[in-house]
Amino acid sequence: MDADGLQGLEHLQGLADDDDFDPSNLNTANFVTMEGVLNGSEQIELSHAGGELGSLEEDLEADTDDESAGAKTRQAPKAEDWRTRRDRTERRNLAFESQMPEMVASYIRYCAEQATAGGPLCTSPEEEEMRVQEVYEIRVVDMFETSTVDVKLKPTENGIAPALVREGLLPCGPWEPTVAITVRVLEAYRIQHARCPQLAIQSFVKSLCDMHGVAYRPYLCQQFSIAYDLYLDVRRRTDERVMLLLGRDSKWRLKHACPTCMYKLKGEDKLIFDMLTTMDGNDSLKRVLRRNKTSMAEDEGGEPVLGKSKERVDNRDASDGYMYPRDRVERWAKTRLAEVLPMGSGNSTADNPCADRWKNMIDDVTSKMWGIFDETGIFLALCRHGFVLVIADMIRSGELAKYPLAIIQELLDTFGMNLGAGYDIGCHFGATVENSELGEQARRNKLKCLVGSFHGHAHNRLCQLSFLATYVEGMGLEDLEGCERYFSRSNGLAKSCRYASRFHRQQEITTYAKHFDSFETYANLSKFLCTKYRQALGILKTEAVLQNWMRQEGVDDYARFHEWLQEEKDYLLGLKDAPKTNEETLEMEYVQKLINLSASEAKYSVLLADTRRARADDAPYAPGVGKAELARQHAKEKVDKDLETVQELERQLDIADRWTTASPRWVSTTVAIKKRKYLLALDALELLIVERIFELTKMNQSQTGYKMRKHIAKALQARSKAVRNAIDRYNSAASLLNPPMPHLTWEQVVEYAFLADFDILRDTRAEIQSRPWTRPAYRLAMDRYFKILRAREEIHRLNVEIPRVVTWIRDEDRVLQGKSEEEADADRGMAVQVRLYRERRGRFDDTHMQRFWALAKTPGFTGSVMPGVSLEMRAARREARAAAREQRQAAVRHASGGGLSRTAQTRRRRSWLMSAPEMRGRRRGG
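Residue numbering for the sequence shown follows the working numbering, starting at 2 and increasing by one per position.
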């Protein structure tokens, strides 16, 4: 926790001790209660980006200030002003919207002139004869200077803004702006902010002030923000015109988000999974909703009503094809989910042994969040190569099940068959999909829910055998953990999103995602594929080591590994111990109380003997009650208490003769007690290992500060001592069993590849421990074998994906070049936009091909780096030929048979057919 977080926590602790502070005022049925946090009954949910406590502190201080202001108002009442300016942002947006078509056209013209002239800042071509209505003087902010510029206005232009955009200037107001910012300044910030999300507008504006040699003023950020929003809107609408010109609708982006996954070729091999995706939630990109002070009124449920929003009205949309609509998410409401989720049944937790390890599996219907936040994070879906598919806002809640369900519905509707969806609780989520309305569609399209490699190691072993990537056929070497890598970068947006409006937060997320797809993910696509190929080849080289081990151990065939895996799965399925009956539990308690009674009686006998010696005739006189007598009285009370407990248990169990150590039932119950102590020691050890792994992950994660690393290091040091003590307790309990269970050492425990290896230790039967798949060496060999299988699958998948990328590079360049040449004469401005679009799309194509040609020279490469035939382009060409053929036939019909009836046209065609052989004969004879 950083310094701000600690300061916020101390402030909250101080509020808890304040008699005048009522935390119940902040409670609501949908959010974490402040009172519960302060008294320790509810958990604080903090994101990786942090800052939640500071936001809450500011919110509390604002309420306190409102109360103070209210007190002052009561002392000196004033006339209330009912006027409001909350709609001023919306009115400005509407003013810009009325000029937007002209501004887009002016921006397209400006880009065309810049591409032709080569770079003057403000160009007013003298060769163009135009009538100047007036000259508008405006202050222009450039990168290194601020100057006054005269802009010529044409009478045909609707407002001042289009004239400014035509000169490469973005105004800070719609009708009579006094300040404008150049395109290159806004473009510089856009690119820098996309590369470094932590760079906010305020920091950039302060940098401009330093370069211009002027003092910073807060209103400068507001001016820059208005111009920047306008610039992004103009760019967005220009891109829409380009996509419309190319015949690409709003669904085109999702259907072509990743050329490797979606650009299928004629004659390519069939894959088990046509597309692999991963999804996860992240709570770093929260947004504080500014509200009026919480009133004392209560809703129907008796909960306080939160104050109304006091944010300005802003209805702009910046989803840009990335953000999933809220209304479509809300169709999976809590009332509907409660009926279909597996957790609706009482025994769901027992059926799913992973439930206690994942909070989002437990709270997938009722997860709560701080009431001061509106959007509480994002839920993201990526393809296996890292391209963003869909982003959904998490609204006033934690990671509920409705978000992945909504995204799965979108993916099934768009891509259809053979999808593999990775999720950290994929084992549980698969049952959720099966029981929901998507169940039939998911079964029909063969949807497979999976668990990522990192999260999978903390799942139950039985769960791993069905969902972990290592054991799922067709997965290759994919780890399904792309969301974690994406979040490590996107968390930098937290500072820009925390106090932004809904529109600005959405704009930040989509602008970053769009830039990340184009200039990070696509730029590294060939590197990803080539690295995966070489990794797979390296794993295949270890097959000789595995074969040597198999000869030494007498394993004759690879099929034995599959048999052992199935045997382990069958064993774990049958390992579900029947719950202990009430009688069995009482018997174990009865034996333990008999042991306690025996110990207390022995202690009392010793103290009684000491007391008698103290009362002997030759003992010295001591007035009052001595220490020995007091200890004897306490021991007598302990004997009576234990005896009373034993007698009560004998009454409940209907035992006439008290058990002794020679009783058969005593012996069998003692064995059960030892096994129970053993399992408890094993559970405690496993829990410590889980905590240690996640702490190690957090310590080595990016965006973890120095203080946090030191704190985790100290926690790990203490954790290591606790692990050693837990190992000692486990070994002590294991040695008491008959036969004794194998002892564990520190080196064995800290190097466990699977936490679920503990599951094998839970069965104390000797025949289980003698099976091959329970031995560490055999389990390591099984893991290596399945890694080799997945490496072969990875090479097979890459041999399909690499030609797709090569074909996409060729086809996309041809389409864009042809469209640019086609528009060169018709519309020079749009031709330039298509050319710029082509340059952005093809910026990294040469790098991709160089990497692929280098890979082709690698020993063991079995694929091809030559382009193929796209099924999509083939279908498009077929449709184009059919349309052209239809046009030609229509033209022929119109020219040759325009005035004839259908009968006459039929006779004419027959006469031509009859004369056709004669004509062909004449040609042959000639």
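Think of the hints as simulated: they come from the structure by calculation, not from any bench. There could be a bad hint or two in this list.
Claimed, not checked - In silico DSSO-like cross-links for lysine-lysine, where the CA-CA straight-line distance does not exceed 30 angstroms:
1. K604 <-> K637
2. K570 <-> K594
3. K642 <-> K594
4. K528 <-> K256
5. K675 <-> K642
Stated by the list, open to error - Quick list of the computed label-pair ranges, beta carbon to beta carbon:
6. K542 <-> R829: 34 to 40 angstroms
7. P102 <-> A891: 32 to 38 angstroms
8. A685 <-> K628: 34 to 40 angstroms
9. P102 <-> K528: 53 to 59 angstroms
10. A876 <-> T543: 40 to 46 angstroms
11. D318 <-> A876: 43 to 49 angstroms
12. S99 <-> E269: 47 to 53 angstroms
13. E441 <-> V546: 30 to 36 angstroms
Even glycine gets a Cβ: it sits at the ideal position worked out from N, Cα and C.
Structure-based check of each hint:
For the proposed pair K604 and K637, the alpha carbon gap of about 9 angstroms is at most 30 angstroms, so the pair holds. Our distance criterion of 30 angstroms between C-alpha atoms is broken by K570 and K594, whose separation comes to about 39 angstroms. Restraint check: the Cα-Cα separation between K642 and K594 comes to about 10 angstroms, which is no more than 30 angstroms; the hinted pair holds. The straight-line distance between the Cα atoms of K528 and K256 is roughly 23 angstroms, inside the 30 angstroms bound, and the hint therefore holds.
At most 30 angstroms may separate the alpha-carbon atoms for a hinted pair to count; K675 and K642 meet this at roughly 25 angstroms. At roughly 57 angstroms, the beta-carbon separation of K542 and R829 lies outside the given 34 to 40 angstroms, and the hint is violated. Range check, P102 to A891: about 35 angstroms between beta-carbon atoms, so the 32 to 38 angstroms window is met. Taken as a hint, the range 34 to 40 angstroms holds for the pair A685 and K628, whose Cβ atoms sit roughly 38 angstroms apart.
At roughly 42 angstroms, the beta-carbon separation of P102 and K528 lies outside the given 53 to 59 angstroms, and the hint is violated. For the hinted restraint 40 to 46 angstroms between A876 and T543, the CB-CB distance of approximately 43 angstroms keeps it satisfied. As the Cβ distance of D318 to A876 is approximately 32 angstroms, the hint placing it in 43 to 49 angstroms is violated. At about 51 angstroms, the CB distance of S99 to E269 agrees with the hint of 47 to 53 angstroms.
The supplied range of 30 to 36 angstroms is broken by E441 and V546, whose beta-carbon atoms lie about 47 angstroms from each other.
Taken one by one, the earlier hints fail for this structure at numbers 2, 6, 9, 11, 13, listed in ascending order.
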